[in-house]
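S.K.: Residues in the sequence shown are numbered consecutively from 14, following our numbering.
By construction, these hints were calculated from the structure, which means they are not laboratory data.
As the structure is a computational prediction, the values presented were derived from the model and not from experiment.
Glycine included, each C-beta is placed from N, C-alpha and C at the ideal position.
Hints should not be assumed to be uniformly reliable.
[To be verified] Computed Cβ-Cβ distance ranges for the label pairs, DEER-style: (1) 19 with 50: 13 to 23 Å; (2) 82 with 108: 11 to 21 Å; (3) 16 with 92: 32 to 42 Å.
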Amino acid sequence: THTLSNGEVIWDMAGNVWNWLDDTIQGQDKPNSSSGFFWQEWTVFNGAGTYGTLSYDLVRPSNVDWNATQGVGRYYAGALTNGTVFGFLSGASWLHGTTAGAFSLALYFGPSFQDSNVGFRCVVSS
Numbered sequence: 014t015h016t017l018s019n020g021e022v023i024w025d026m027a028g029n030v031w032n033w034l035d036d037t038i039q040g041q042d043k044p045n046s047s048s049g050f051f052w053q054e055w056t057v058f059n060g061a062g063t064y065g066t067l068s069y070d071l072v073r074p075s076n077v078d079w080n081a082t083q084g085v086g087r088y089y090a091g092a093l094t095n096g097t098v099f100g101f102l103s104g105a106s107w108l109h110g111t112t113a114g115a116f117s118l119a120l121y122f123g124p125s126f127q128d129s130n131v132g133f134r135c136v137v138s139s
């Protein structure tokens, strides 16, 4: 489970498949630290910022000290190609281990990308 800042609890956010979020970002706007070609902890990005349409305050854990140990997931930028549009993939699939989590975010595929581990997941809120 994951408890939101308003006290609501979300169940079953990690596992099974990646799911698309309704956002895209230009390659040059993606945040990156040293190299975008590996999974990074959210703690690398210690400071609120906006990169194009991506606001860290909306996609990362509210506690900037949380990392994969707390099961929040990690971030993967991929190529920073100028002008290329990338979609937001969230959650990660069953094969991503500690990379998976409610805040796992991958920005390395275009919005038309299809794969057997990309889809949607059912979420129960209590």
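S.K.: With reference to the structure, classify each hint as holding or not holding.
M.R.: Going down the list of hints, with the structure as the test:
{"no.": "1", "hint": "19 with 50: 13 to 23 Å", "result": "36 Å, violated"}
{"no.": "2", "hint": "82 with 108: 11 to 21 Å", "result": "20 Å, holds"}
{"no.": "3", "hint": "16 with 92: 32 to 42 Å", "result": "35 Å, holds"}
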